[in-house]
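Undergrad: Line by line, the protein sequences give chains B and U. For the first sequence, my numbering assigns the number 1 to the initial residue and increments by one for each residue that follows. For the second sequence, my numbering assigns the number 352 to the initial residue and increments by one for each residue that follows.
I should point out that these hints are in silico values taken from the structure, not numbers from a laboratory. Just to be clear, a hint being listed does not mean it is correct.
[Unchecked claim] The following label-pair restraints were derived from C-beta to C-beta distances:
1. B:H48 - U:E366: 53 to 63 angstroms
2. U:D686 - B:E141: 34 to 44 angstroms
3. B:S132 - U:L402: 28 to 38 angstroms
4. B:Q197 - U:R420: 36 to 46 angstroms
5. U:E366 - B:S96: 20 to 30 angstroms
In this text, a Cβ means the ideal position worked out from N, Cα and C, and glycines have one as well.
There are 2 protein chains.
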Amino acid sequence: MQDIEILGNQQKGLEFIKQTEQKKFIFSLVISYTATSEIPGITMAGEHPDLIKFTGPADAEFIHYGYCRSISVIPMTPDGKPTPALLTKTALEAASIPSVVVNAGSKVSPKLPFIDMNLNYGKNIGKESALSLDDVGKAVEYGRIIGRFLGASTDCVIVGESIPGGTTTALGVLEGFGITGSVSSSMPQNPVDLKIQTVKEALKRLQSNDPFEIISQLGDPMIPTVAGILSTASEISRVLLAGGTQMAAVLAFAKSIGFEGKNTAVGTTSYVSEDKSANLSDIISQIMDVPILVARLKLAESEISGLSSYAKGFVKEGAGAGGSSIGCMLKTGLDAKSLLALTEKEYLKIT
Amino acid sequence: MQDIEILGNQQKGLEFIKQTEQKKFIFSLVISYTATSEIPGITMAGEHPDLIKFTGPADAEFIHYGYCRSISVIPMTPDGKPTPALLTKTALEAASIPSVVVNAGSKVSPKLPFIDMNLNYGKNIGKESALSLDDVGKAVEYGRIIGRFLGASTDCVIVGESIPGGTTTALGVLEGFGITGSVSSSMPQNPVDLKIQTVKEALKRLQSNDPFEIISQLGDPMIPTVAGILSTASEISRVLLAGGTQMAAVLAFAKSIGFEGKNTAVGTTSYVSEDKSANLSDIISQIMDVPILVARLKLAESEISGLSSYAKGFVKEGAGAGGSSIGCMLKTGLDAKSLLALTEKEYLKIT
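Chain B on its own, in the form it takes in the complex (with noise of 0.2 angstroms):
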């Protein structure tokens, strides 16, 4: 596992390692929204303010189908640089990973069969309350009911997401939880500024410490669905969190609803870690001892310049990427070297 580098606890890392090698993986890419997203300059996801909220059904159907049926675009910037969902579809593929998708609140439906969970999506946090209650605790609940069936079904279940604007409101939800640090970005120029403003309008609305009342105040419906699934998925089997900060806010949720940490790493690419404006390791080490592994992609050799861009801050990560990677390389044993030749091909194919 060359390609593979362990941040945090080493041991429990190496053990994660070990106990996952050609094991049976499932990849579940849970799909929301957060209308914070349609601040203007606060995400990339989405060429255009109408398509952000395609973001999640395009990236469930690019996996599945290797092009999107919600719209008629490859989700891809006008200067080629494609939707971190490609990286996710090359590794599943490789690996033969089954995947499922896991509607949480997602503004459109993706044109495929997923798994529906009947929330709303969430709200502006700059202007109003996320979600009410009620979806907090029916977002942990059904996730609770998804986690044991996919826990059940598999040696080590990846959870990835897509949710445009997420970042922002995962931010919310680690001040909420008064975690320090910074988050992450799709956009080299991270706009933190505009992310902190957006947060501290939100957090002037929070009345008590309660994390239903956090989530429902700073969160999106992503963030109790991921933390519901990981509770019991990881009673069964092993959890392998694939992104970044977002997956640090899941877990100081989930670390507020009485979850341990077992059998869990968080997984996600060198360029998120590497990520200068966000310190992913520091932030989670302040929730809970859970080892990351980093997918050392090695796309700063392509001579793609979109694929190359992630290598230069664009895009980094996303829809499970990271974590895909790793399961990939964790199932079949295949270095980043090969993925990257099998990614170009996928990109060739889709250009």
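With the hints as your guide, set chain U onto chain B.
TA: Relative to the frame of chain B, chain U by itself:
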């Protein structure tokens, strides 16, 4: 496996048993709706006409929670005959078999997370086309995606169904494919004439022998969905089709779209296989050479009249009861006597 009887090809049946003993199972309940169920006297599912549409959701909820959320009553006839979901729940719990609900055109959504296919419910085949050709195609395609996921996540996928009025549409589909025989019923006096009359009306609309046209005119959304799941799941794992003649209709359609019977068995209860008004074994042998596994349940020995009524021709099967009982016996080695004791305990819990 003293309490599992094999009908049809004995060798294939034994092989299926050997290759699934002590293995991993997943149970999926496909819930659906056909307005054919609204024809007075055609089904016993649902105590009142207004409640018929809750049959599938109530079964799904009962299996997950041990009670129903969409209706306030327990799905049981006034004189205490319980839904077969009681047997399903008991068997799945005893064997720790993970379960998932697939919503294939249910008229109401169940109150739990479920895999959604975004299908319309089936219309009354006595009056009009059951579903559009587009919806038939979509059901197969989405079913194939679901089957790929489920098959990759286990050694044996059990597929059950809950669709009130479904034996009539199954009869329609079998007739459409030129298969003779009759179908089972949830009532001891099988309303065969009413079913045949309904199917005759539907057959008048049939313009061709195209399999999609047959489902469109005579079927329901469950049949193409399960056929889709079957076709992909059986490529990578075993599939146990849990049900009676409705699963024969699934096989007839699946065959017409290229399925050859690989890795597949039908699993049912002795109350269906012994039903004089329907000859399951004959019907299936006309379609293809797949073995039938019969759970020889011991409900006749129960002192609870609601349970022993199953042996007197009431209910008989449904919600995957036979298949889950077989799965439970195969996975754990429990016999039918022990399963009965657990079922009685569960019955007393809800009454």
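Undergrad: Now tell me, hint by hint, if it's right for this structure.
TA: Structure-based check of each hint:
no. : hint                                : result
1   : B:H48 - U:E366: 53 to 63 angstroms  : 56 angstroms, holds
2   : U:D686 - B:E141: 34 to 44 angstroms : 35 angstroms, holds
3   : B:S132 - U:L402: 28 to 38 angstroms : 30 angstroms, holds
4   : B:Q197 - U:R420: 36 to 46 angstroms : 42 angstroms, holds
5   : U:E366 - B:S96: 20 to 30 angstroms  : 25 angstroms, holds
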